[in-house]
Amino acid sequence: MTQSDKSVPPTEDPLSPYFLHHSDHHGLVSIIPKLTATNDITWSRSVELVLSIRNKLDFVDGTVGKPKSTDDLFVSWTKCNNLIVAWLLESISPPIATNMFYMKNATEKFWEMRFAQPDEATICNLHYLLSNLNQGSRAVDEYYTELNGLCEELINHMPLPYCSRGNCNGNCFKMFVDLYQKNSVFKFLNGFNDSSSCLRSHIITSKPFPGLDEVYNLVQREDTQRSIHIRNHPLHEASAMAVLNIDGKRRNMNDQICSHRGKIGHSKDKFYRIIGFPADFKFTGNKNSLRRSNASANSTLLNQDQNEEYLNSSVPQFSLTKHQY
Numbered sequence: 001m002t003q004s005d006k007s008v009p010p011t012e013d014p015l016s017p018y019f020l021h022h023s024d025h026h027g028l029v030s031i032i033p034k035l036t037a038t039n040d041i042t043w044s045r046s047v048e049l050v051l052s053i054r055n056k057l058d059f060v061d062g063t064v065g066k067p068k069s070t071d072d073l074f075v076s077w078t079k080c081n082n083l084i085v086a087w088l089l090e091s092i093s094p095p096i097a098t099n100m101f102y103m104k105n106a107t108e109k110f111w112e113m114r115f116a117q118p119d120e121a122t123i124c125n126l127h128y129l130l131s132n133l134n135q136g137s138r139a140v141d142e143y144y145t146e147l148n149g150l151c152e153e154l155i156n157h158m159p160l161p162y163c164s165r166g167n168c169n170g171n172c173f174k175m176f177v178d179l180y181q182k183n184s185v186f187k188f189l190n191g192f193n194d195s196s197s198c199l200r201s202h203i204i205t206s207k208p209f210p211g212l213d214e215v216y217n218l219v220q221r222e223d224t225q226r227s228i229h230i231r232n233h234p235l236h237e238a239s240a241m242a243v244l245n246i247d248g249k250r251r252n253m254n255d256q257i258c259s260h261r262g263k264i265g266h267s268k269d270k271f272y273r274i275i276g277f278p279a280d281f282k283f284t285g286n287k288n289s290l291r292r293s294n295a296s297a298n299s300t301l302l303n304q305d306q307n308e309e310y311l312n313s314s315v316p317q318f319s320l321t322k323h324q325y
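Note that full-length UniProt numbering has the sequence shown beginning at 1, numbered continuously upward.
Please keep in mind that the hints were generated in silico from the structure rather than gathered at the bench.
Be aware that one or more of the hints could be misleading.
Stated by the list, open to error - Cut-off 35 Å, straight-line C-alpha distance, at most; resulting in silico cross-link-like pairs (DSBU-like, lysine-lysine): (1) K66 <-> K79; (2) K174 <-> K207; (3) K207 <-> K187; (4) K34 <-> K79; (5) K68 <-> K34; (6) K104 <-> K68; (7) K104 <-> K66; (8) K34 <-> K104; (9) K79 <-> K104; (10) K182 <-> K34.
Here the structure is a predicted model, which means the values were calculated and not measured.
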């Protein structure tokens, strides 16, 4: 750094955290997602990115401390601190912002909100979300994005073990890393719809076992091919379903045999010429002739019953007397 550079005050040096551009104001930055009771890790990561871009991260990580009131930088520090506090308030959901509205120190409040929820509660909630996550009606990329985000957040709270020895070749805890990656793949596959069962079986039996990114690429490729096939052959599949429905109805009709006439296609209890035509029956032929046929059929059955009664009554009843016996 030259002598002229040293003479530039921090408030005018663009590389200094004390520097404030004329466009800096409380609504300049947008931190997404807003802080809730369950997303402190995601929120803090977003805050760190935004403050790093604006060269104000030193105010919350403790690098730039609060100067004394007699220091020349005290006024500049107060301005920068208040600006960061305003940004943080904009990034908090209303229920939490109500309790944080009167915060004065950006450093203390950032870490207070960052660790407002115990890790155990967050870990329990992440496990619950992962155990109930499935694809449903969503696209594969949407399902993968949500699953991968939950896994990354979980590993931030439960980091994998690592070896601190200087001469380690990196294989000390490889078994734990492989097991974690397998569990992520299993969860990804188990959340699939039933249409991907064949692909699921193929991936599980693959040697060597693929990673989550590789599995996602395979599934995405298969899903794209399936979409193209359905788009190119919609009529064939619809026709096949129609044929199956017709064949099913025909098989059901062929299984029925009329015990009265011995014909296939209906049963005796549905033979209208015996049981009579319903009142709302729609005749397809000559309505009068069909009605006469219906009445004739009913009359024939009645005459048969009357004839049987007449024959029974006209036959003489022979009996022996006591003396004849």
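Quiz item: Can the restraint linking K68 and K34 be considered satisfied, given a maximum Cα separation of 35 Å?
Solution: holds (33 Å)
Exercise. Decide if the proposed pair is consistent with the structure: K174 and K207, CA atoms, cutoff 35 Å inclusive.
Key: holds (17 Å)
- Given the hinted pair K104 and K66, is their alpha-carbon gap at most 35 Å? Status holds; Cα separation ~11 Å.
task = For the pair supplied as a hint, K207 and K187, confirm whether the alpha-carbon distance does not exceed 35 Å.
result = holds (19 Å)
Has the given pair, K34 with K79, been kept, meaning a C-alpha gap of at most 35 Å? Within the cut-off at roughly 23 Å; holds.
- Query: Does K79 lie within 35 Å of K66 when you go C-alpha to C-alpha?
  - Reply: Between K66 and K79 the Cα gap is close to 12 Å, so the pair holds against 35 Å.
Practice prompt. Mind checking the alpha carbons of K79 and K104 for me, to see if they're no more than 35 Å apart?
Written response: holds (11 Å)
Given the proposed pairing of K34 with K104, does the C-alpha separation stay at or below 35 Å?
-> holds (20 Å)
Query raised in the report: Holds or violated: are the alpha carbons of K182 and K34 at most 35 Å from each other?
Result: Holds - the C-alpha atoms of K34 and K182 are around 32 Å apart, at most 35 Å.
Review point. Under the criterion that the straight-line Cα-Cα distance not exceed 35 Å, is the pair K104, K68 satisfied?
Key: holds (15 Å)
Figure legend: structure checked against the earlier numbered hints; every hint is met.
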